[in-house]
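Chains as they are written, first to last, in my numbering: chain R, 167 to 438; chain E, 936 to 1226; chain V, 63 to 413.
Hints listed in this document are in silico derivations from the structure and should not be mistaken for laboratory results.
Warning: the hint list may mix true and false statements.
Derived list of chain V stretches under chain R, where covered just means 3 residues or more per stretch with a C-beta under 8 Å from a C-beta of chain R [claimed, not checked]: (1) 285 to 296; (2) 302 to 308; (3) 351 to 357.
The following label-pair restraints were derived from C-beta to C-beta distances [said to hold, decoys possible]: (4) G1182(E) / L247(V): 18 to 24 Å; (5) C396(V) / S246(R): 51 to 57 Å; (6) D391(R) / R411(V): 29 to 35 Å.
Partial chain R-side listing against chain V, Cβ under 7 Å, derived [claimed, not checked]: (7) W248; (8) P249; (9) R250; (10) A254; (11) W259; (12) A261; (13) A265; (14) T267; (15) L269; (16) L277; (17) F280; (18) R313; (19) L317; (20) D354.
As the structure is a computational prediction, the values presented were derived from the model and not from experiment.
Idealized CB from N, CA, C, for every residue including glycine.
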Amino acid sequence: MAEARRGPTAALTVALACRDLSVGYGARTVLEGVSLEIAAGQWTAVVGPNGSGKSTLLRTLAGLRKPNGGRIELLGRPLSAWPRRERARNLAWLAQASAATELTAGEVVALGRFAHSGWLAHRKADDDAAMHRAMLATGSLSWAERRLSTLSGGERQRVHLARVLAVEAGVLLLDEPTTHLDPPHQEDVARLLREQAHRCGVSVVSAIHDLSLALTADRLVVLGDRGVIGHGTVREALAGDWLSAAFRTRVDIVEHDGVHLWRPALAAPPRA
Amino acid sequence: MSVKFAALLAGACLIGSGASASPVVLRDALQREVTFASPPQRIVTLLPSLTETVCALGACDRLVATDRYSDWPPAVRALPKAGGIDDAQIELLVSLKPDLILISRSQRISGRLDALGLRCFALVTDSYADIARNVTRIGAMLALEERAARLNASIRDSVLEIGAQALAQRHGPGPTVYFEADGPPYAAGPASFIGELLERLGARNIVSADQGPFPALNPEYVVRHNPDVIFVSPAEATHLAERPGWGEIRAVREQRVCSFVPAIRDSIIRPGPRVAEGMRALGACLTRVSP
Amino acid sequence: MSTLRPALIGTGTGTATSAAASRRLGVWLVCCLGATLLFTAGGLLIGTSSIETSWQWLLAPDAQSSVVLWQIRLPRTVGAWFAGALLGLAGAIAQGVFRNPLAEPYLLGTASGAALGVTICLMLVDASIGGLAWFDKLGITGAACIGACAATLLTITLARGVLQTASLLLSGIVTAFLLSAVTSLLLLTKPEVWREMQTFLLGSTAFIGWSSATLLGAVFFLCVVPATLLSRGLDALSLGEETAQSLGLSLPWLRLTLLGVVALATSTSVGQVGIVGFVGLVAPHLVRETLSVNHRQLLIAAPLCGGALLQAADLISRSIIRPAELPVGAVTACVGGSYLVFLLWRRSRDG
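All chains should be modelled from the sequences, with the hints used to inform the complete structure.
As C-alpha cells, this is what we get:
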C-alpha cells in the first residue's frame, strides 16, 4: 500500500558515496582510506567484528562526525553542501542505543517529521499520513499514547524505527535496527527493510551483527581491522570469503533453501 | 596625739598597700577566673571599643597591638594590627609576648590563646550597662581604679546631661523613630545599644522590646507605624522613596531622615567610652529634624 | 489519503489514555491557577495586621491601608509569582538542555556572579571614589543582574562554546567556585558589608513594588514565548544529541538560545529577589512526577508551579514571625529540601 517514493534515489544509481574516508577519535584511527558506493534502491548490510567501526562509519556517513580526511557525497552533492534541514529530509539515521525519554510513542514518531514541519509542529495531512504508515509498518500503532518508558526494549526499538521511517527519506542509515527484537520481529524488520529498498526505492544501510540476517540483504560491506575488506553483492562476499578475512576465524556459511545461514563452528577450534 | 597616730597608721597602710598589692582575681565573660598578680604592661585588644576603653583610662602606652578596625584615638593607628574579629593573627600575637589580651565574648580564639600560654580576658560588649562594667573591670586589671571611677562618672554625667537637654528641647511626647541597622530590613529595637541611646534621648522606637534587638522587619510595618524620623545609612537615604509604599511615610515625605558618616556611626554602634559623643550626634540630628 | 488518517496522534479524537492524560494536565493547570488566586488573596490579607483587620481594610479603605494593600502587598505577591515562574521556567529549560532532572537555574554560575556583583556594589557605595555615581544608580538590582549575566558568559567561554553539555556543566561549577572565592576575599576587606550580603544571599521579597513586579512580568513573557516555540527542540534533544542532530536540529543554536533565556530569566529573578534556591529545581520536577508531559506542556506547567510555590513561600515568610520576616530563600530551602528528602525516601522504599 506504500506509494512510490521520492524521485532522486530512483534516478541515480549511487545514493551515498565516500572516497578515502578516514575517521578517528583523537589519536586513534578507526577507519582509514574507506571508499564506498552505496547503491540506490538496495539494502546494504555493514558487517564486521566488534570495534571495526560499523557505528563510526554510519555516523560519519550521516554527517554526525567530522571525518579526518576524505569526501562524502549524498545523492551526488557533497554532504557539507546540503543545508541542514534538507539533508535531514533526505537522510535518516537510527542510533544504536536510544536515550530514555518521557515522550509518548506518538510524539517520538512525530519528531521524525521535524525536518518537514519544523519548530511549530504544525502538522499537515501528509505528516499524519507518514506517521501512520510508519507506525503501521512497524506494528507500533497501538502504543501511540503510551510513554516510551512504559514499553519494553523491543517495543521501543520499533517506535524508533517508525520514527526513522516517518522521515520518508531516500537514504536510511540504521545502526543495529534489530537490537532487543525477538526473532519473529527481527524477520519483520528484515522484510520491512527489503520492501523499503525494492518497492519504495529507499537506499537502506544497516549495521547488523547477526550474520544470518545480514546475509539476507542485497549487498554487503565487510569491515575489518582498519578498513573495508570488500563491498559488493552477497554472492561476491561469499565467493571472496571476505567474512573469514574480517573475523579471522573460519566462518561457516551454509546455504539452505536459498537462504544463507551462519553455522556455529563447534567442531574445530577457532584459528588464533 | 591620736591624730598623729591615725596619720601614721594611714601612712603605713598606704605604703603597705602599694608594696604588696593583693592579686586581683576577676571572672571573665567565659566564666573563667583570671588572676592578675601585677598590672599587665603589654596589652593587646581585639575589639575597637576595648581599645578605646584602655586608652580612655590613660593606658594607651601599654598597648602593643590592636585589631585591624581600631582607629581611635589616632595614636593606635600606628600600632601593629593583629587581624579582625574572627581571624586574629596568632603568630603575631605570640611574637609580641603580651601579658593580657582583651577579647569579646563572641570571639572564638580564647581556647587557642590559652593553649599557647597567653592570658586572655573575655568581655561582654553589647549594652550600655556593659560600658561602665567593662571600664571598671579593665580599671581593676590595670590598677587604675580611680581613673576608671572618674571615667564612668564623666560618661554617666554626659549621658544624663544630653538626655536632659533633649528632654528640655522637646515639646510633648518624643518623636517616633525607625533606626535601620546594617541595611534593610534590620531595625534596631529598644533592646539593642542604639535603642537604649534613643530611649534616653526621649525618642519612641516603633519596634517594641519583645521583638529582640535587631528584628528583620516586614517593610510594611514601618509604613504602618509612620515614624517621624528615620535613621538609615547615607547610601539608602536617597532611595527611601523608591521603596514600595515608603513615599507615604511622614519622615520620607518631609525629609526627616538622619544618616551618619561611618566615623560617627562607629561611635553609635560600638558600646564604648565615646558613647556620649555618639549620643550627642544622635540627639543633634533628632532635634534638627523632629517635627 | 483520508483512509490513512490515523485519528490518533493528538489530533483530538483520542483514545482513553490520551483523554486521561490531557484531563490530568487540565486538572493540574486549574489547580495551579486556583492556588495562585488563593495565594494572591492571601498576599493581600496576610502581613503585619491580622486577617480580620486586613479584610476590614478591603471593605473600608483609608489612605494608609490602601498604601499597604495596593502598593506593598499586592505587588509583592504578584512579583513573587513572576519571580517563581521565571525560576520554574529556567529550571525546566535547564533540565531539558542538560538532560538532567537535577539541573537547576543556577547551574551556570549565575548565583555566584550575582553575589559578586552585589558585593562590589555594596563595597563601592561607601567608598569616596568619585565617578561611580552610575554604579550607585544601578543599585543592587542592576549589579546582581549584570553579575549573573557576566557569570553565564564566563561559563560559556570557559566551556569554549555550547557544544559539549558535559563541559558546560563543569565550567558552571568552576565559575561558581571561582566567583565565590573572589566574593569571600572581597568581603574580608570589608566585613561590615556581610550582613547586607546575607540578606541578598538568603533571598527576600520584602521590597518588591510595582516597578519590580512589572519588570519581572515583562521578562517572564519575553522568556516564555521563545522557550515554548523551541520546546520541540528540547523534545528532540531528549532522544539523544546525535539523534537530534540527525533530525535536522542545529544544536549549538538551540543551546545558545535556550541558555540565553535561562540566563535572562535567572538574572532578572536574582536581581529582584536575591538567591532563592530549590524553586527552579522542584517546580519542573514536581510537574514531571505527577504528569507525563512533553516539553511544550512542561514549559507552561513548570512556571505556573514555580510561581505558586514562591508565592506560598512569601506568605509563610511574612506570617510565621510577624511582624518580623524570614528570608524567603530560607523558607524555600526548608520546603524544597523536605521534598527532596521525601523523594529519596520514596525511591528507597520502591527499591
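Now for the hints, and whether the structure bears them out:
Residue count for the segment 285 to 296 of chain V with a Cβ under 8 Å from a Cβ of chain R: 4. That meets the three needed, and the coverage hint holds. For the segment 302 to 308 of chain V, the stated coverage by chain R holds: 5 residues have a C-beta nearer than 8 Å to a C-beta of that chain, and at least 3 were required. By the rule of at least three residues with a Cβ nearer than 8 Å to a Cβ of chain R, the coverage given for the segment 351 to 357 of chain V holds, with 3 such residues. The supplied range of 18 to 24 Å is broken by G1182(E) and L247(V), whose beta-carbon atoms lie about 38 Å from each other.
For the pair C396(V) and S246(R), the beta carbons lie near 55 Å from each other, so the given range of 51 to 57 Å is met. The hinted window of 29 to 35 Å between D391(R) and R411(V) is violated, with their beta carbons roughly 51 Å apart. Proximity of W248(R) to chain V is violated relative to the hint, the smallest CB-CB distance being about 10 Å (cut-off 7 Å). Below 7 Å, beta-carbon pairs count as interface contacts, and P249(R) has none with chain V, the closest being about 9 Å; its hint is therefore violated.
For R250(R), the shortest C-beta to C-beta distance to chain V is roughly 5 Å, which falls under 7 Å, so the interface hint holds. A hinted interface residue such as A254(R) counts as satisfied when its beta carbon comes closer than 7 Å to some beta carbon of chain V; here the least separation is about 3 Å, so the hint holds. Of the supplied interface hints, the one on W259(R) holds, with its beta-carbon coming within about 4 Å of a beta-carbon of chain V, less than 7 Å. Interface restraint check: A261(R) against chain V, minimum CB-CB distance 5 Å, threshold 7 Å, status holds.
At a threshold of 7 Å, the smallest CB-CB gap from A265(R) to chain V is about 4 Å, leaving the interface hint in force. Checking T267(R) against chain V: minimum C-beta separation of about 4 Å stays under 7 Å; hint holds. The interface hint given for L269(R) is met, as the beta carbon of that residue sits about 6 Å from the closest beta carbon of chain V, less than 7 Å. Interface restraint check for L277(R): the shortest CB-CB distance to chain V comes to about 5 Å, inside 7 Å, so the restraint holds.
With 7 Å as the threshold, the beta carbon of F280(R) comes within range of chain V, its nearest partner Cβ sitting at about 5 Å, so the hint holds. Contact between R313(R) and chain V, as hinted, is supported at the beta carbon level, the nearest pair being about 5 Å apart and thus within 7 Å. With 7 Å as the threshold, the beta carbon of L317(R) stays out of range of chain V, its nearest partner Cβ sitting at about 13 Å, so the hint is violated. For D354(R), the suggested interface contact is broken, since its CB lies about 20 Å from the closest CB of chain V, more than 7 Å.
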